[in-house]
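In short: position in the sequence shown from 1, add 19, done, that's our numbering.
Bear in mind the hints are in silico, worked out from the structure with no lab data behind them.
Here a beta-carbon is modelled for each residue, glycine too, at the ideal position from N, C-alpha and C.
Watch out, some of these pointers could steer you wrong.
[Said to hold, decoys possible] The calculated label-pair distances, taken between Cβ atoms and stated as ranges, are:
| no. | residue 1 | residue 2 | range |
| --- | --- | --- | --- |
| 1 | Ser134 | Ala169 | 21 to 27 Å |
| 2 | Gly68 | Asp182 | 26 to 32 Å |
| 3 | Pro107 | Pro45 | 35 to 41 Å |
| 4 | Arg39 | Gly179 | 20 to 26 Å |
| 5 | Pro38 | Asp84 | 15 to 21 Å |
| 6 | Pro38 | Arg128 | 16 to 22 Å |
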Amino acid sequence: MSAPVRTAEAEIDVAIEDPRWEGVAPDLEAFVIRAVEAGLAAAPDSPRGALEVSVLLADDATVQDLNRTWRGKDKPTNVLSFPAAEQPLQPGMARPLGDVVLAYDTMLRESAEQSKPLSDHLAHLLVHGTLHLLGQDHETGEAEADAMEALEIEALRTLGVPDPYAAEA
Numbered sequence: 020m021s022a023p024v025r026t027a028e029a030e031i032d033v034a035i036e037d038p039r040w041e042g043v044a045p046d047l048e049a050f051v052i053r054a055v056e057a058g059l060a061a062a063p064d065s066p067r068g069a070l071e072v073s074v075l076l077a078d079d080a081t082v083q084d085l086n087r088t089w090r091g092k093d094k095p096t097n098v099l100s101f102p103a104a105e106q107p108l109q110p111g112m113a114r115p116l117g118d119v120v121l122a123y124d125t126m127l128r129e130s131a132e133q134s135k136p137l138s139d140h141l142a143h144l145l146v147h148g149t150l151h152l153l154g155q156d157h158e159t160g161e162a163e164a165d166a167m168e169a170l171e172i173e174a175l176r177t178l179g180v181p182d183p184y185a186a187e188a
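Let the sequences and hints guide you as you build the complete structure.
See below:
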């Protein structure tokens, strides 16, 4: 586990629970921070001021346990987002947005199935999870899903990651 890294607008704490993540990208922590920042920057409703996001890079067992406990789904998934509860802002303190948790095994399998580099898939799901923390939701209707995908595509473009939905069209 590493100490939070301070950026211009966000404090992003990256915890690497599963060491297999280390091979996904050079300077993995900086990679994760850039992807989360891209998600924050792409959202039209991103709050102003200092923000705090925690990212946990875990394995399928950890994500399955969280998915079962918090969503009633006893299976792993690629990414989970847990928005922080609203709380009064404290002067000089970052506003907690929430936690993003990713499952290595599921992401590895998906990136192979989709013939995409694992680093691109990781960037996509970090952006996706960050947008969920900001209230974006693709499960409430087609218009919302399209809007969220457009934000993801824009954020990923700033990272040099190809449109993850292009092959599906």
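Structure-based check of each hint:
The hint said 21 to 27 Å for the Cβ distance between serine 134 and alanine 169, and at roughly 23 Å that hint holds. Between glycine 68 and aspartate 182 the CB atoms are about 31 Å apart, so this pair conforms to the stated range of 26 to 32 Å. Separated by about 40 Å at the C-beta atoms, proline 107 and proline 45 satisfy the suggested range of 35 to 41 Å. Our hint of 20 to 26 Å for arginine 39 and glycine 179 holds, since their Cβ atoms are close to 24 Å apart.
A beta carbon spacing of about 19 Å between proline 38 and aspartate 84 agrees with the range 15 to 21 Å that was offered as a hint. The hinted range of 16 to 22 Å is satisfied by proline 38 and arginine 128, whose Cβ atoms lie roughly 18 Å apart.
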